[in-house]
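Following the hints, put chain B in place on chain A, whose structure we already have.
As they're listed, the protein sequences go chains A and B.
Each residue of the first sequence is one higher than the last, beginning at 1 in our numbering.
Each residue of the second sequence is one higher than the last, beginning at 1 in our numbering.
If you are wondering where the hints come from, they were derived from the structure by calculation, not from laboratory data.
Hints may be right or wrong, so weigh each one.
Stated by the list, open to error - The calculated SDA-like cross-link candidates involving lysine to any residue, where the alpha carbons are at most 20 Å apart (straight line), are: (1) A:Lys3 / B:Gly43; (2) B:Lys3 / A:Leu45; (3) B:Lys73 / A:Asn101; (4) A:Lys55 / B:Glu96; (5) B:Lys3 / A:Asp38; (6) B:Lys3 / A:Gly58; (7) B:Lys3 / A:Arg44; (8) A:Lys3 / B:Pro40; (9) B:Lys3 / A:Ile60; (10) A:Lys3 / B:Ser42; (11) A:Lys57 / B:Glu96; (12) B:Lys3 / A:Leu41; (13) A:Lys71 / A:Val52; (14) A:Lys3 / B:Glu96; (15) B:Lys3 / A:Val52; (16) B:Lys3 / A:Asn101; (17) B:Lys3 / A:Asp59.
Said to hold, decoys possible - Label pairs and their in silico Cβ distance ranges: (18) A:Glu79 / B:Lys70: 36 to 46 Å; (19) B:Ala81 / A:Lys18: 45 to 55 Å; (20) B:Pro40 / A:Asp26: 18 to 28 Å; (21) A:Met88 / B:Asn58: 27 to 37 Å; (22) A:Asp28 / B:Ile46: 19 to 29 Å; (23) B:Glu61 / A:Met27: 13 to 23 Å; (24) B:Gln57 / A:Ser8: 37 to 47 Å; (25) B:Lys70 / A:Lys57: 26 to 36 Å; (26) B:Asn58 / A:Lys18: 47 to 57 Å; (27) B:Lys16 / A:Ser8: 37 to 47 Å; (28) A:Ser67 / B:Val78: 36 to 46 Å; (29) B:Pro9 / A:Met27: 12 to 22 Å; (30) B:Gln8 / A:Tyr10: 21 to 31 Å.
C-beta atoms are modelled at their ideal positions from N, C-alpha and C, and glycine is treated no differently.
For reference, the chains in residue letters:
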Amino acid sequence: DVKVTQSSRYLVKRTGEKVFLECVQDMDHENMFWYRQDPGLGLRLIYFSYDVKMKEKGDIPEGYSVSREKKERFSLILESASTNQTSMYLCASSLTVGRGNQPQHFGDGTRLSIL
Amino acid sequence: AQKITQTQPGMFVQEKEAVTLDCTYDTSDPSYGLFWYKQPSSGEMIFLIYQGSYDQQNATEGRYSLNFQKARKSANLVISASQLGDSAMYFCAMREVDTGFQKLVFGTGTRLLVSP
Numbered sequence: 001d002v003k004v005t006q007s008s009r010y011l012v013k014r015t016g017e018k019v020f021l022e023c024v025q026d027m028d029h030e031n032m033f034w035y036r037q038d039p040g041l042g043l044r045l046i047y048f049s050y051d052v053k054m055k056e057k058g059d060i061p062e063g064y065s066v067s068r069e070k071k072e073r074f075s076l077i078l079e080s081a082s083t084n085q086t087s088m089y090l091c092a093s094s095l096t097v098g099r100g101n102q103p104q105h106f107g108d109g110t111r112l113s114i115l
Numbered sequence: 001a002q003k004i005t006q007t008q009p010g011m012f013v014q015e016k017e018a019v020t021l022d023c024t025y026d027t028s029d030p031s032y033g034l035f036w037y038k039q040p041s042s043g044e045m046i047f048l049i050y051q052g053s054y055d056q057q058n059a060t061e062g063r064y065s066l067n068f069q070k071a072r073k074s075a076n077l078v079i080s081a082s083q084l085g086d087s088a089m090y091f092c093a094m095r096e097v098d099t100g101f102q103k104l105v106f107g108t109g110t111r112l113l114v115s116p
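Just chain A, with the same shape it has in the complex (with noise of 0.2 Å):
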């Protein structure tokens, strides 16, 4: 089975403060995601990389930056926390393969609070 893990359940920040999410998958996927949950908004992607070092922008990217250094380690990063960056953070992982019934497979997410 794929494993996906994110570092932490929960989480309490201060605003201002950098803070660092990571994700880590066994499954050797290409691909891998950060999305944040937020109520009634649905998930909404913040960065992606499709190789190590690679990454691109998604939906919401403004106040975040990401790093791929190994191929099973993708991390979120918040520059300068805020209290709008309040939220659940969901990783994923996925295979590059034809043209795509590969689903994501996500980790058990991290509840962001910051104060």
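Only chain B this time, still in chain A's reference frame:
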């Protein structure tokens, strides 16, 4: 423009009954895929079922089936014989193949509550 629309914020069903969760989509890409995910209160997203735009038959996975009506751009999830453990949020998502990179666009979700 909203690409995935789930118009039912909440649905109620009694145990053992069937329930249909609605999903409509918007794309001009002839090649696309549609996914349904379940999110229990614990938070993890669980992949349920996939339908490709060129698939001739509706997808089925156990108690889950997808009512795919291509001309109407709808991909409704049907859960047969509901169980208490089916209570969760359900998300419809679409992948437009020509955009590359395996990105998914999600709807806002439907909360299903199964009562005894």
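Results of checking the hints against the structure:
1. A:Lys3 / B:Gly43: Status holds; Cα separation ~15 Å.
2. B:Lys3 / A:Leu45: 14 Å, holds
3. B:Lys73 / A:Asn101: 18 Å, holds
4. A:Lys55 / B:Glu96: 19 Å, holds
5. B:Lys3 / A:Asp38: Roughly 18 Å separates the two Cα atoms, so the pair holds.
6. B:Lys3 / A:Gly58: Measuring from Cα to Cα gives roughly 15 Å; hence the hint holds.
7. B:Lys3 / A:Arg44: 12 Å, holds
8. A:Lys3 / B:Pro40: 17 Å, holds
9. B:Lys3 / A:Ile60: Roughly 16 Å between the alpha carbons, so the hint for B:Lys3 and A:Ile60 holds.
10. A:Lys3 / B:Ser42: OK: A:Lys3 and B:Ser42 at ~16 Å, within 20 Å.
11. A:Lys57 / B:Glu96: 17 Å, holds
12. B:Lys3 / A:Leu41: 13 Å, holds
13. A:Lys71 / A:Val52: 5 Å, holds
14. A:Lys3 / B:Glu96: Roughly 25 Å between the alpha carbons, so the hint for A:Lys3 and B:Glu96 is violated.
15. B:Lys3 / A:Val52: 29 Å, violated
16. B:Lys3 / A:Asn101: Cα-Cα ~19 Å, so holds.
17. B:Lys3 / A:Asp59: Given that 20 Å is the threshold and the Cα spacing comes to 13 Å, the pair holds.
18. A:Glu79 / B:Lys70: 36 to 46 Å: 44 Å, holds
19. B:Ala81 / A:Lys18: 45 to 55 Å: Given a distance of about 49 Å, which is inside 45 to 55 Å, the answer is holds.
20. B:Pro40 / A:Asp26: 18 to 28 Å: Since B:Pro40 and A:Asp26 have Cβ atoms about 22 Å apart, the given range 18 to 28 Å holds.
21. A:Met88 / B:Asn58: 27 to 37 Å: 32 Å, holds
22. A:Asp28 / B:Ile46: 19 to 29 Å: At 21 Å between Cβs, range holds.
23. B:Glu61 / A:Met27: 13 to 23 Å: 20 Å, holds
24. B:Gln57 / A:Ser8: 37 to 47 Å: Hint holds: Cβ distance 42 Å, inside 37 to 47 Å.
25. B:Lys70 / A:Lys57: 26 to 36 Å: At 31 Å between Cβs, range holds.
26. B:Asn58 / A:Lys18: 47 to 57 Å: 48 Å, holds
27. B:Lys16 / A:Ser8: 37 to 47 Å: 39 Å, holds
28. A:Ser67 / B:Val78: 36 to 46 Å: 42 Å, holds
29. B:Pro9 / A:Met27: 12 to 22 Å: 34 Å, violated
30. B:Gln8 / A:Tyr10: 21 to 31 Å: 30 Å, holds
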